[in-house]
Each structure stands twice: as structure tokens, then as C-alpha cells.
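Got chain A; can you put chain B on it based on the hints?
Chains as they are written, first to last, in this note's numbering: chain A, 283 to 392; chain B, 2 to 409.
It is worth saying that the hints were derived from the structure and are not from the lab. Be a bit skeptical, because a hint or two may be false.
[Stated by the list, open to error] So the derived list for chain B, only partly shown, Cβ under 10 Å to chain A, looks like this:
(1) Leu-178
(2) Leu-214
(3) Asn-255
(4) Pro-256
(5) Asn-257
(6) Ile-261
(7) Arg-262
(8) Gly-264
(9) Ser-266
(10) Glu-270
(11) Gly-273
(12) Gly-274
(13) Ala-363
(14) Gly-367
(15) Asp-369
(16) Pro-370
Please read all numbers here as calculations on a predicted model, not as lab measurements. Heads up, the beta-carbon is just placed ideally off N, CA and C, and yes, glycines get one too.
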Amino acid sequence: MNNTHSLAPSISALMLKAQDDVANLLQASCTAQEVIVTGCNDVALALRCLEDIPRFHKIALRDIDIGAAVVRDGYPIGRATHYIKAGNWVHIHNLQSSRAQSGNSLKERT
Amino acid sequence: VIFDETSGKRSEERLDKRLYLVTVKNEFMGYQRQSGRPGIRNYLLILNVTGLTEPTARRISANLPGSIMASTPYGMGMIGDDAQKTEATLSGLALNPNVGAVLILSADRSRCDLIMSHLQGCKKPIKTIVFDQVGHDSLRMSDEGMRQGAVLMRDISRQQRTPQPLSALFLGFECGLSDPTSGIAANPLLGAIADSLVKTGGAMVMGESLEWLGLEEVLAARAVNPQVAQNIRDAVLHREACAKKSGINLLGINPNRANIRAGLSTIEEKAGGSVAKSGSSPISAVLEYGQRTDQPGVFLMDAPSYTPESLTGFVAAGAQLMLFTTGVGNSYVSAMAPTIKISGNDLTAKHLPQQIDFDCSAIMFGRDPNDEIQRLLNTIIEVASGAQTFGEILGEGSEVISRFGPSL
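The following block holds chain A by itself, in its conformation from the complex:
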């Protein structure tokens, strides 16, 4: 967990459940900065940020296929609209609600 490859010191991110695909950054991050992910089972995980990400926004913890559910806090918060790599910023440009579209209500799903 050294950050010799990065100019900036490492920053922290919070992962809420062990199965989560994303974590929330506690500070804004820069490209190539090291992110230490904590908050779950006392296991720290380190990865590199692939782009600048605003404070409290989400970073992908693993590669996510296009169309795959994105899990945060143990439940799906939507689907990936693009292929997402570990270290990418996850937000409305690559994640879309599974519910907030016409023709996809609870009644129609069940």
C-alpha cells in the first residue's frame, strides 16, 4: 500500500457492504491517486483512481460489464450503461436506474 507511483498522498473511500461494486470517496481524488477502501469487515483494499472523482462520489472497486447490476450497500442501485473499469468514477454517465424508466415498473417486472 505504498503510493510511490502517485504524486498525491492516498485517500480513503468507504465501502458499506462486502459485496459492493462501488465505494464512496471521502476526499476528491485525482487520476492515478491511490485509494484505500475501508469500512467493511476491517479489510482494507487499495486501488488506483483512473480519473478525477469529486468528493463523496463513487469509485468502481472492480470491473463491471455493460448491463450488469451495480451493487452498493448490498443492493443494486442500477445498471452499467458502459463497461466500467476498477478505478473509474461511477455516476450518471455510466450508471442508470433500473426503475426510473417507463415500461419498467414493479408491476410489470413481477
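Frame of chain A, contents of chain B only:
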């Protein structure tokens, strides 16, 4: 630290000192009522029940400092469900424990009588003035209203606060302009408060049914019986259907732009953070908008998400105090129920020192949430006993009754 009136500052040092000095009591000082829960305030409510009399009501209230006005700008011509829910909400506001006395203003006697019919058995002093009895003269109504209101205010000011158990509290839980810290720190803190309050026999209500979307099965699993579980699912379906009927794609509306800028991407993500407010205790019932309850437990209200109408629904249900979390900042409070503004975002708490009553951002950076539960309980007890929130001091409150259909 929460209400540092002198400096407006909130240093950690002062916070820690307070933690040691204040021991959590299980009671607060409130106004005993002849029936129902005690009040945490003792307001004269100027209740305006017809749109024609609203300017007069506003004039009367402005001339009786300390009184609160709640009003509908509509009146005759409201029909069906819309009329019924408005009536229930207006009556609920009058019956709220924070109201010591009521002055009802109406353009006509029949509408006044309709509201009065819901207040039978309510022992608080109630006076009515209708346009018919003052020759349709708004100035005479103003004069009469100020005179009668002054007497009511003097009478209720004689009442004293007495010790009341925490279980007598009915809290309304709201979030507005959320960010990721709302779902990680502030709303789970409220959930812990909900569980602790409900365990002692208190009550809480959470609304914003659109924001149960995606989490309806999690909530339904907590329902006390299958009917309540179905009511939870139906409430979400109903909101989805409303959006669909209007040709609205929820995408881009909820989460709103401020939520998105702050880092919330989808309604499911926002909803998860939002429902964390309700804790994990069994859900007793789904209330209709403004529906009163005097029962203990966790209640959900099938209601609009927009804060002004949402909070008024809780006040009408009987909630005396609101816990309101925000990520980005949100100045709006209930006029009738003191509203404690809580943020898990350190920058927001720093930038809005006269808005955020309770900064719980330390949870984001590793503070034991249990310490914050104690500290928030202390704040609740202080505010319930008379300590003012910034929203009260600054007059940020109003009451807004939602609409449920077209007028004739």
C-alpha cells in the same frame, strides 16, 4: 455545541465537554394536554380554512407575535379525496399537541363547522370568526381576531412545562437535498434514534413514498402484517403510476440536479439512503396524507416527497418534532413542529452554521455512531424542552397542505 448562541461555533473541544456534562435523561419538559401526547411548544394556531380569509389571517397572525398561521389558499370547489384530505389535514393541524389554542377563520360558517366537527372532544380552547358574522368586513375580522387571539395567547401562556417521558414523543423524519453522506451517516443515525424511541413506546413517521422505490420489499418485510406490506407496495406503485400518467420519466427528476451534483446517481441509491431513516423496527401502518395517529410505533406516510407538503402531513398526523437530514443544505422547516437540521457533510455544516443544528459528519470519518446517538438524543430532549432550533429563530417555517385533485 449544537446551539452555541454566542459564537455560532462548534468546536470539537466544546462538543466533548458537553458529552461529559450532559447525562441522558429519559424525560423532557413539555406541555401536558387534556388528551393525547404533550406539546413541546404551546402555540396559538391561527387556522385559516378558506382562501378568501387568508390575507386577513396573515394580518392577524403578524399582529400576534408568537402565533403560528396555517392556511389553505383554496376552499369551496375542492371535491372528493382532495376535499377530504384537506379537511383531515386542517383538523390534524389544530389537534397537533404543539397547539395550545386555536383561532379558526373562515369565509363561511358551514366550512368552519365542518372543521369543528373533527375537533369534538378536543379540550383546548378554540374560537371561530367567519365573514358572515362580521358583515364580510376583513378589517372587522382582523380587529376581532386580534382581540380574541390576544386573550387566547394570554390564557395559554399561564400553562407550565412539566416532566414528560420520552415515549410521549412522536417524531417526523425527513431528508431534503441529500448527498451520499445522508445515506452513510445522517439517515442511519436517525434510524438508530427511531429504533431506540420506538422501543420505549414512542412513535415516528417517514413519508416521501416515491423514495421507497427499489426498497419496497425491504420495508414490506418489516410490516406488522401482510396488509400493511401490501399497502407499502401499493404506495410505491401509486407514485410510479402518477409519474407515468403525467408522461414523466423519473430519471432526471429524482434524484434532482443538486442530488446528482453531490454524487447520488439513481433513485434506488437515493431511496436506500432515505429509508435508512426509519431504522429496523416493525412498521405498524401506512398512513394517508395528514392522517392522525395516537398509536406508538413506526409509521410510513404515503405522501409527496417535496419537503413543505411532506412536513405538514407529519404535523397533521400529530408529530411534535422533526428530524431533518440534509447533505447539500436545506433551510426549510415546519412552522408548527421544531425541526432539527442534521448533516453528515462537514463542509455543509461549516458553510451553513446558522442552518445546521446538528453536525454528525464525524461518523463519516470513523466516529462511533453510538456517541452521536447519545448526543442527538440530548439535543432532542433540549429542543423538546424549549431550546430553539435555527429554523425557529430565523422563522424559516411554513405549513403547506398538498393537493389531491382538481377544483370545481
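Enumerated hints in conflict with the structure, sorted upward: 1, 5, 13, 15 and 16
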